[in-house]
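Colleague: Take the sequences, apply the hints, and build the full model.
Each chain, letter by letter, is given below.
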Amino acid sequence: EMQLVESGGGLVQPGGSLRLSCAASGFTFSSLWMHWVRQAPGKGLVWVSIINTDGGTTRYADSVKGRFTISRDNAKNTLYLQMNSLTVEDTAVYYCARDGGRNLDYWGQGTLVTVSS
Amino acid sequence: QSALTQPASVSGSPGQSITISCTGTSSDVGTYNYVSWYQQLPGKAPKFMIYDVSNRASGVSNRFSGSKSGNTASLTISGLQAEDEGDYYCTSYTSRATWVFGGGTRLTVL
Numbered sequence: 001e002m003q004l005v006e007s008g009g010g011l012v013q014p015g016g017s018l019r020l021s022c023a024a025s026g027f028t029f030s031s032l033w034m035h036w037v038r039q040a041p042g043k044g045l046v047w048v049s050i051i052n053t054d055g056g057t058t059r060y061a062d063s064v065k066g067r068f069t070i071s072r073d074n075a076k077n078t079l080y081l082q083m084n085s086l087t088v089e090d091t092a093v094y095y096c097a098r099d100g101g102r103n104l105d106y107w108g109q110g111t112l113v114t115v116s117s
Numbered sequence: 001q002s003a004l005t006q007p008a009s010v011s012g013s014p015g016q017s018i019t020i021s022c023t024g025t026s027s028d029v030g031t032y033n034y035v036s037w038y039q040q041l042p043g044k045a046p047k048f049m050i051y052d053v054s055n056r057a058s059g060v061s062n063r064f065s066g067s068k069s070g071n072t073a074s075l076t077i078s079g080l081q082a083e084d085e086g087d088y089y090c091t092s093y094t095s096r097a098t099w100v101f102g103g104g105t106r107l108t109v110l
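In order, the protein sequences belong to chains A and Y.
Residues 1 to 117 (my numbering) are what the first sequence spells out, left to right.
Residues 1 to 110 (my numbering) are what the second sequence spells out, left to right.
Honestly, I wouldn't trust all of these hints.
No more than 30 Å apart at the CA atoms, straight line, and that leaves these computed lysine-lysine pairs for BS3-like [to be verified]: (1) Lys68/Y with Lys44/Y; (2) Lys65/A with Lys76/A; (3) Lys43/A with Lys65/A; (4) Lys47/Y with Lys68/Y; (5) Lys47/Y with Lys76/A; (6) Lys47/Y with Lys65/A; (7) Lys44/Y with Lys65/A; (8) Lys76/A with Lys44/Y; (9) Lys43/A with Lys44/Y; (10) Lys43/A with Lys47/Y; (11) Lys68/Y with Lys76/A.
Covered by chain A, per the in silico footprint, the following chain Y stretches (three or more residues, Cβ under 8 Å) [claimed, not checked]: (12) 38–52; (13) 84–95; (14) 98–106.
To give an idea of the interface, some chain A residues facing chain Y are shown, with a C-beta separation under 8 Å as derived from the structure [to be verified]: (15) Pro14; (16) Gly15; (17) Leu112.
Worth flagging that the hints you see were computed from the coordinates, not collected in a lab.
Idealized CB from N, CA, C, for every residue including glycine.
Modeller: Shown next, in the form of structure tokens:
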């Protein structure tokens, strides 16, 4: 059974850092590009970042460029999102999702990040 | 990158059909056939419904269909059912090799 399980969310102060993880199973993780998407409380989905199969190509939304870094460890079947210089506007549920061919065909359940003093 | 434009809400009675529009630009929806749609039920993760404008994802009812004309994509749900109630989002691949979502549409089944 395919699974994506996010972890690492929590409460962090403005200006702080957090690293999210997404553990994948049930499919060949190393063969697929992967996304991060976020959803602020009561708001819509916002695309955050994508990474290719070997980690050599990454893209970011303008709102997180220079602050967030996406990476992956194919040996551990795990996707990461390093988030630095966090602001209250980064408060959201963060989802990892599998790329099925320029679409997001399978999603995890999300992990909540709260940025607050 | 500005979000794609979707109506905030739509509604319909059981058995009726509704259409949700998703308007972008020539940098995304208008150029690429990589428009997909997602259903999000309350408290749940999004569910993949439609890809490449008009293809249904595995297991999705044939009551759901997608189309595109110019810079606007559309999701149509026919034979509306109570279980269809939720939020719907479109997304498109863009000329910057990024993705952009619509603001979301709340579907209410009356």
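Colleague: Next, verify each hint and record whether it holds.
Modeller: How the hints compare with the structure:
Only pairs whose Cα atoms come within 30 Å are accepted, and Lys68/Y paired with Lys44/Y is accepted, the gap being roughly 27 Å. For a cut-off of 30 Å, the pair hint linking Lys65/A to Lys76/A stands: about 26 Å separates their Cα positions. Restraint check: the Cα-Cα separation between Lys43/A and Lys65/A comes to about 21 Å, which is no more than 30 Å; the hinted pair holds. With a CA separation close to 20 Å, the supplied pair Lys47/Y and Lys68/Y stays within the 30 Å bound.
With a CA separation close to 26 Å, the supplied pair Lys47/Y and Lys76/A stays within the 30 Å bound. Note on Lys47/Y and Lys65/A: the hinted pairing holds, with a Cα-Cα distance of about 27 Å set against a maximum of 30 Å. A threshold of 30 Å between alpha carbons decides the hint, and for Lys44/Y with Lys65/A the separation of about 28 Å falls inside it, so the pair holds. Restraint check for Lys76/A and Lys44/Y: the C-alpha separation of about 26 Å stays at or below 30 Å, so the hint holds.
A threshold of 30 Å between alpha carbons decides the hint, and for Lys43/A with Lys44/Y the separation of about 14 Å falls inside it, so the pair holds. The hinted pair formed by Lys43/A and Lys47/Y meets the criterion: a straight-line CA distance of about 17 Å does not exceed 30 Å. For the suggested pair Lys68/Y and Lys76/A, the alpha carbons sit about 40 Å apart, so the restraint of at most 30 Å is broken. For the segment 38–52 of chain Y, the assignment as covered by chain A holds, since 8 residues bring a beta-carbon within under 8 Å of that chain's beta-carbons and 3 suffice.
Requiring three or more residues with a Cβ within less than 8 Å of a Cβ of chain A, the coverage given for the segment 84–95 of chain Y holds, as 4 such residues are present. Counting residues of the segment 98–106 of chain Y whose beta carbon lies closer than 8 Å to any beta carbon of chain A gives 7, which reaches the threshold of three, so the coverage claim holds. With a least beta-carbon distance of about 25 Å to chain Y, the hint placing Pro14/A at the interface is violated under the 8 Å criterion. The closest approach between the C-beta of Gly15/A and any C-beta of chain Y is roughly 26 Å, which is over the 8 Å cut-off, so the hint fails.
A hinted interface residue such as Leu112/A counts as satisfied when its beta carbon comes closer than 8 Å to some beta carbon of chain Y; here the least separation is about 12 Å, so the hint is violated.
This entry does not satisfy hints 11, 15, 16 and 17, going by the numbered hints stated previously.
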